[in-house]
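> So you can see what is in the structure, the chains are spelled out below.
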Amino acid sequence: MAGSRKLQKEQTRERIIAAALKVYSERGFSSPTTVIADEAQVSHGSIFVHFPTVESLFLCLLDGFSQDLKSELHSLVECGNDITKLLEKHLDILIKHEAFYKRLTTEAVYLPEEAKNTSFHIQSTVSIHFLQALEKEISAGEIKHIPFHMIFNTWLGLIHYYLLNGDFFAPNESVLTRYKNTLIECFMALIK
Amino acid sequence: MKTCISCGMPMNKAADFAKNDESKNYCIYCAREDGSMKSFEEAKASMTGFIIKTQGLSNEAAENAAFSAMRKLPGWQSNFSENTTTD
Chain A
1 MAGSRKLQKE QTRERIIAAA LKVYSERGFS SPTTVIADEA QVSHGSIFVH
51 FPTVESLFLC LLDGFSQDLK SELHSLVECG NDITKLLEKH LDILIKHEAF
101 YKRLTTEAVY LPEEAKNTSF HIQSTVSIHF LQALEKEISA GEIKHIPFHM
151 IFNTWLGLIH YYLLNGDFFA PNESVLTRYK NTLIECFMAL IK
Chain B
1 MKTCISCGMP MNKAADFAKN DESKNYCIYC AREDGSMKSF EEAKASMTGF
51 IIKTQGLSNE AAENAAFSAM RKLPGWQSNF SENTTTD
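Here the protein sequences line up with chains A and B, keeping their order. Under the working numbering, think of the first position of the first sequence as 1, with each following residue one higher. Under the working numbering, think of the first position of the second sequence as 1, with each following residue one higher.
For the record, the hints were derived by calculation from the structure and aren't laboratory data. Treat the hints with care, since some could be wrong.
[Said to hold, decoys possible] In silico lysine-lysine, DSSO-like type, Cα no more than 27 Å apart, as pairs:
(1) LYS13/B - LYS2/B
(2) LYS116/A - LYS192/A
(3) LYS144/A - LYS24/B
(4) LYS136/A - LYS2/B
(5) LYS19/B - LYS89/A
(6) LYS72/B - LYS6/A
(7) LYS96/A - LYS22/A
(8) LYS22/A - LYS44/B
(9) LYS116/A - LYS19/B
(10) LYS2/B - LYS24/B
(11) LYS72/B - LYS70/A
(12) LYS53/B - LYS116/A
(13) LYS13/B - LYS89/A
(14) LYS19/B - LYS96/A
(15) LYS136/A - LYS72/B
(16) LYS89/A - LYS38/B
(17) LYS38/B - LYS24/B
(18) LYS72/B - LYS9/A
(19) LYS2/B - LYS89/A
(20) LYS85/A - LYS180/A
Please construct the entire structure, taking both the sequences and the accompanying hints into account.
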């Protein structure tokens with residue numbers, strides 16, 4: 001019996017996290033916990049049995065999201081020195097998580113410091129592979145002489161600008177899907 | 001795929017591992033010249049430098065980001081007393 005109660009508790013916790021991911025993705029991080037409780041089909045109080053504060057729920061959700069995303073981003077290593085392939089794969093991964101990633105980017109300023117640091121950890125995972133892919137071309141002079149962090153931040157800046165203004169660039173559809181080729185071609189033209 | 005217990009870097013090939021030794025659980029960047037793993041302070045400085053180089057953060061922000069990343073990495077759990085459980 002104790003085992004089944006524990007399992008049920010675990011399942012409720014997972015349901016709350018999944019609901020929070022959906023609600024935050026669709027409505028932003030200021031969504032009230034009552035909406036999350038409705039989505040998870042649990043009582044409002046149940047959320048606080050599992051997570052003493054809204055911040056602890058958010059950080060737990062973010063931690064899981066970040067681990068999953070980082071695991072996927074590690075696959076960028078397969079691109080080797082092929083920078084175009086790496087950019088394509090990076091966008092493909094972000095497209096899969098576009099709704100929540102967009103919130104994470106566009107609402108970053110309102111997030112607690114730990115969450116902001118988690119965003120930088122996610123970008124660190126990308127930057128490792130970015131650096132490995134570009135290092136050879138940078139030393140061979142095939143890439144413009146620009147500090148590495150500016151190259152990397154220019155790429156992220158492009159992506160994040162289009163995400164931020166997705167409603168104007170691609171209403172009711174994935175902005176990263178629509179602009180994938182344009183973003184890659186322009187970025188390559190900028191750095192080559 | 002193994003990831004470095006000290007910095008979280010994925011290690012896919014022998015050259016990623018300390019001393020090219022795939023039985024090690026830390027990477028080439030987290031190893032000293034003799035192959036031993038860097039200390040907490042050494043690893044923190046190295047990670048801070050990496051974040052500055054690749055993302056251009058200020059020294060203070062990069063140090064904070066490195067510290068918060070290390071808090072979650074298996075190699076440094078004993079350095080964060082609040083992570084120590086009693087059960």
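> Taking the hints in turn, state whether each one holds.
Now the hints, each set against the structure:
no.	hint	result
1	LYS13/B - LYS2/B	holds (10 Å)
2	LYS116/A - LYS192/A	violated (31 Å)
3	LYS144/A - LYS24/B	violated (37 Å)
4	LYS136/A - LYS2/B	holds (24 Å)
5	LYS19/B - LYS89/A	violated (30 Å)
6	LYS72/B - LYS6/A	holds (25 Å)
7	LYS96/A - LYS22/A	holds (14 Å)
8	LYS22/A - LYS44/B	violated (35 Å)
9	LYS116/A - LYS19/B	violated (34 Å)
10	LYS2/B - LYS24/B	holds (10 Å)
11	LYS72/B - LYS70/A	holds (13 Å)
12	LYS53/B - LYS116/A	holds (18 Å)
13	LYS13/B - LYS89/A	holds (20 Å)
14	LYS19/B - LYS96/A	violated (37 Å)
15	LYS136/A - LYS72/B	violated (31 Å)
16	LYS89/A - LYS38/B	violated (33 Å)
17	LYS38/B - LYS24/B	holds (13 Å)
18	LYS72/B - LYS9/A	holds (25 Å)
19	LYS2/B - LYS89/A	holds (21 Å)
20	LYS85/A - LYS180/A	holds (12 Å)
In this structure, the hints that do not hold are numbers 2, 3, 5, 8, 9, 14, 15 and 16, in rising order.
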